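J.: If you're matching them up, the sequences are chains A and B in order.
Just so you know, we're using the working numbering here: the first sequence kicks off at 1 and counts up by one.
Just so you know, we're using the working numbering here: the second sequence kicks off at 1 and counts up by one.
Just so you know, the hints here were simulated from the structure itself, not pulled from any lab data.
This one's a predicted model, so the numbers in the text were calculated from it and none came from an experiment.
Keep in mind that the hints are not guaranteed to be accurate.
Partial chain A-side listing against chain B, Cβ under 8 Å, derived [said to hold, decoys possible]:
id	residue
1	Val34
2	Ile38
3	Phe123
4	Leu174
5	Ala176
6	Ala180
7	Ile184
8	Glu209
9	Ser211
10	Val215
11	Leu324
12	Ile381
13	Leu384
Which bits of chain A does chain B cover? Going by a derived footprint, with three or more residues having C-beta under 8 Å, they are [stated by the list, open to error]:
id	segment
14	159-165
15	273-286
Taking lysine-lysine and the BS3-like style, the derived pairs with C-alpha atoms no more than 25 Å apart in a straight line are [said to hold, decoys possible]:
id	chain 1	residue 1	chain 2	residue 2
16	B	Lys424	B	Lys308
17	A	Lys177	B	Lys341
18	B	Lys20	B	Lys118
19	B	Lys424	A	Lys396
20	A	Lys392	B	Lys300
21	A	Lys392	B	Lys285
22	B	Lys118	B	Lys61
23	B	Lys424	A	Lys177
24	B	Lys341	B	Lys235
25	A	Lys393	B	Lys235
26	B	Lys118	B	Lys300
No residue lacks a Cβ here, since even glycine has one placed at the ideal position from N, Cα and C.
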Amino acid sequence: MSEPTPKSSWRDVGARIVNGSALTSILSVVVALVVGAILIAAANAQVQTAATYLFYRPGDFFAATWNTVSSAYSALFQGAVFNIDSSYTVADFFAPLLNSVKMSVPLIFAGLALALGFRAGLFNIGGQGQIVLGGTLCAYLGFTLHLPVVVHLIVCLLGAFVGGAVWGFIPGILKAKAGANEVIVTIMLNSIATFLLGWLLTLDAFQKEGSNNPVSPAVDATARLPQLLGSVDLGFPLALAAAVGVWWLLERSTLGFRIRAVGANPDAARTAGMSVDTSYVWVMVIAGGLAGLAATSQLLSTGDQQLTSAVAGTFGVDAITVALLGRSKPLGTVLAGLLFGGLQAGGYLMQARTSTPIDVILVLQSVIVLMIAAPPLVRAIFRLPDPERRRKKAVKAALKEVAS
Amino acid sequence: MSAVALTPDVGRVLAPISWKAPIAYGALGVLSLVAFGVFTDPSLVSQVTIATGNDALGSLKFAVPTMACAVVLSAVQLLLAGLAWRMAAARHKVGVWLPIVFGVCFVSAFLLWAVAGKDNALQVTGLLSGALFLSVPLIFGAMSGCVCEHVGVINVSIEGQLLAGAFLAAVVGSATGSPWLGLIAAPIAGALVGALLALFAVRYWVDHIIVGVVLNVLVTGLTNYLFSTVLSQNKAVFGVGTQLPTWPIPVLSQIPVVGPVLFAQNALVYVMYVAVVVLQVMLYKSRWGLRMRACGEHPKAADTVGIKVNATRVRNTILGGAIAGLGGAYFTVAAGLAFGKEMSAGRGYIALAAMILGGWRPAGAVAAALLFGFADNLQNALGVVGVAIPSQFMLMAPYLVTIFAVAGLVGKVRAPAQEGTAYKG
């Protein structure tokens with residue numbers, strides 16, 4: 001995964017910024033914003049009318065386009081980062097940023113789960129099911145047990161981890177013992193988890209008293225994550241701790257070394273005497289647990305939080321893009337989670353203020369990931385030089401010199 | 001040399017016999033005997049209705065004794081289990097008919113037990129034709145998967161191709177008022193998604209699964225966005241669906257039971273029959289199929305004999321996208337519905353599972369897709385009769401079956417050797 005970085009001289013640094021992945025990432029965001037802008041403008045009634053007399057008065061068309069796109073994107077920015085319009089207090093100013101951080105928590109947890117799987121060469125599409133199971137167990141412990149403050153929270157968090165881990169264990173053990181393709185098994189388990197939760201919510205043990213809706217009672221106040229700053233609660237530090245934990249596991253532990261070795265080449269790892277099967281099971285258990293924790297961000301936050309069939313939202317799929325954007329590294333996943341959390345938080349404000357549907361955010365996210373995955377395409381769009389080609393040219397020139 | 005060849009193969013190493021399948025058959029047979037047969041009240045009867053498709057005969061209604069029938073069906077299952085046992089011991093290969101016959105017996109026993117003593121009859125014809133209809137997008141999706149994977153490209157974006165096809169079919173159908181134009185537009189949308197997949201996977205060597213998943217998100221986002229803006233602004237036009245007419249084929253649709261199920265469908269289903277047969281034959285018997293599989297199995301060898309690997313991959317990935325896009329028409333113009341957000345609802349992923357369960361072969365994939373469609377429809381049919389099993393467990397069944405199947409009952413199926421790898425020749 002990680003390319004060996006040669007010892008840098010100052011001259012290289014400039015070249016590497018131009019050719020490196022940081023620039024690719026930024027340019028990918030630019031491309032995505034352009035694609036989004038086209039969509040936003042195309043769906044706007046004013047722009048559509050102005051387009052009918054484009055050649056007669058092109059100024060109208062460009063003005064309408066500019067107005068539509070800039071108001072949508074400024075709302076997106078204000079919803080995600082700083083609230084410039086209502087800067088009465090410092091808290092108001094920073095509220096959107098804190099909101100974005102809060103929204104990124106489940107994405108970071110689930111993204112870490114997927115990233116861990118990717119590093120072991122496992123494609124775990126089962127984030128959705130693992131979140132559902134984690135959420136189910138977490139909520140059940142939250143509203144049936146009545147424990148003191150700190151203990152209850154810990155029990156619920158453990159419950160979420162265990163629920164997800166069990167659902168991750170199944171594809172892990174089936175892959176290890178029967179060679180079952182984890183992609184299929186996790187897809188199947190996603191659906192099974194959804195139906196299982198649907199059935200559980202019809203039972204008396206799970207249903208809110210006096211309600212026929214498939215909704216559970218609210219989680220006890222003793223199990224809630226304490227608020228830290230604005231809308232940010234303890235979930236975010238926990239997510240960061242999980243990221244550090246995953247980093248330590250992958251980069252510093254024996255198990256992590258095995259995981260990476262298995263991911264790089266399972267046959268070589270087996271030949272070297274590592275147990276590939278055990279690694280698969282461990283990875284899936286830990287990944288499942290992390291995905292399960294993603295459910296806690298919503299369930300254990302303040303407000304009347306109940307278990308519904310929508311407990312997993314679309315985090316399972318979003319997490320795949322988060323992990324891909326983060327290049328399956330813990331730090332990258334945290335940053336990607338923050339970016340996507342911000343896009344989501346901003347998307348809500350954009351939808352409310354400019355009637356641009358939040359669905360455009362999905363387009364932005366997917367275009368960003370596609371572009372980042374294909375640096376040559378980004379280079380072609382922006383006419384940047386290919387670092388590979390330049391190196392090859394240098395090698396060729398050197399060879400010529402030697403030959404002559 | 002000849003001495004070696006003449007040595008009797010006394011010391012030949014044989015693979016260990018896998019007893020998984022016979023044990024599973026035996027267990028299911030016993031389960032069927034006990035649960036559906038022995039413990040059923042002997043006085044109960046199950047009512048079953050079969051539409052003959054013949055006006056003179058009308059629909060036939062039977063009332064059969066539940067217990068006796070279930071016991072007979074279970075006995076057949078146990079016989080088959082014994083046969084599977086003997087064949088495994090003798091190292092004979094079990095034909096594909098055995099699991100199919102076994103499955104039919106097991107499901108029949110279950111159905112008779114489930115509807116025992118109910119006033120409403122089980123509509124067998126409706127159950128089967130509904131199952132076929134529900135499996136249409138799965139079959140198209142699985143066909144698309146077969147084409148792409150044999151040429152060496154993993155197509156996870158079936159979901160996106162189905163959704164794109166459904167969207168464009170609905171939009172074109174509603175805008176022109178003709179479902180036929182919608183049907184023509186559907187594969188174009190799918191092909192566009194396929195072209196994007198080819199661009200990123202073949203041209204830029206991006207991991208195929210990554211591209212597939214991201215394309216699904218992209219198509220979901222695009223269609224949701226256009227639904228919330230353009231389609232919602234013109235509800236009068238785009239809020240109304242158009243529907244393909246049902247075409248009963250004159251003589252064939254008169255055949256009892258089979259006729260109404262298979263030959264009283266719309267054009268999309270007939271196109272599907274043709275596509276499945278053509279693909280099954282062409283993939284293994286034609287030059288196109290051979291070249292394609294060469295690119296998926298050993299691209300270097302294919303290149304050496306002059307096949308342009310990447311061009312072949314691009315062409316066939318686009319073709320695969322078009323096939324899945326055509327399947328997307330099922331959701332809108334075939335069902336007569338307007339477009340709705342995320343209306344493919346994960347069917348693309350199930351189609352992918354059907355293809356893998358079917359061992360990357362068109363015929364096997366169709367069988368698996370039919371199984372999913374049947375289970376999907378089972379809860380509808382049993383819901384009408386008023387069976388007390390929670391519908392969630394019915395819905396879960398095909399997924400559980402798939403997990404058991406991929407965990408070893410089907411035996412090791414093999415993917416094309418070089419799928420998902422970039423050819424950088």
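J.: Closer than 8 Å between Cβ atoms is the bar; does Val215(A) clear it against chain B? Give me holds or violated.
T.: The hint is violated - Val215(A) has no Cβ within 8 Å of chain B, the shortest such distance being about 16 Å.
J.: With 8 Å as the cut and Cβ atoms as the points, is Glu209(A) at the interface with chain B?
T.: Violated: closest Cβ of chain B sits about 21 Å from Glu209(A), beyond 8 Å.
J.: Let me know if the C-beta of Leu324(A) comes in closer than 8 Å to any C-beta of chain B, holds or violated.
T.: holds, 5 Å
J.: Quickly compare the C-alpha distance for Lys393(A) and Lys235(B) to 25 Å and report which way the hint goes.
T.: violated, 59 Å
J.: Please verify the coverage claim for the segment 273-286 of chain A: does it have three or more residues whose C-beta sits within 8 Å of some C-beta in chain B?
T.: violated (count 0)
J.: Against chain B, run the beta carbon of Ala176(A) and see if the smallest gap drops under 8 Å.
T.: At about 11 Å, which exceeds the 8 Å cut-off, the nearest Cβ of chain B leaves the hint on Ala176(A) violated.
J.: Three residues or more, CB to CB closer than 8 Å: is that satisfied between the segment 159-165 of chain A and chain B?
T.: Per the Cβ count (0), the hint is violated.
J.: Answer holds if the nearest beta-carbon of chain B is closer than 8 Å to that of Ile381(A); otherwise answer violated.
T.: Nearest chain B Cβ about 12 Å off; hint violated.
J.: Using the nearest Cβ pair, does Leu384(A) come within less than 8 Å of chain B?
T.: violated, 15 Å
J.: Using Cβ atoms only, decide whether Ile184(A) comes closer than 8 Å to chain B, and label the hint accordingly.
T.: holds, 5 Å
J.: What's the verdict on Lys177(A) and Lys341(B), does the C-alpha distance respect the 25 Å limit or exceed it?
T.: violated, 39 Å
J.: Given Phe123(A) was flagged as interface, is its beta-carbon under 8 Å from a beta-carbon of chain B?
T.: Phe123(A) check passes; min Cβ-Cβ to chain B is 6 Å, inside 8 Å.
When the structure is compared with the earlier hints, violations turn up for hints 1, 2, 5, 8, 9, 10, 12, 13, 14, 15, 17, 18, 21, 23, 25, 26 and for no others.
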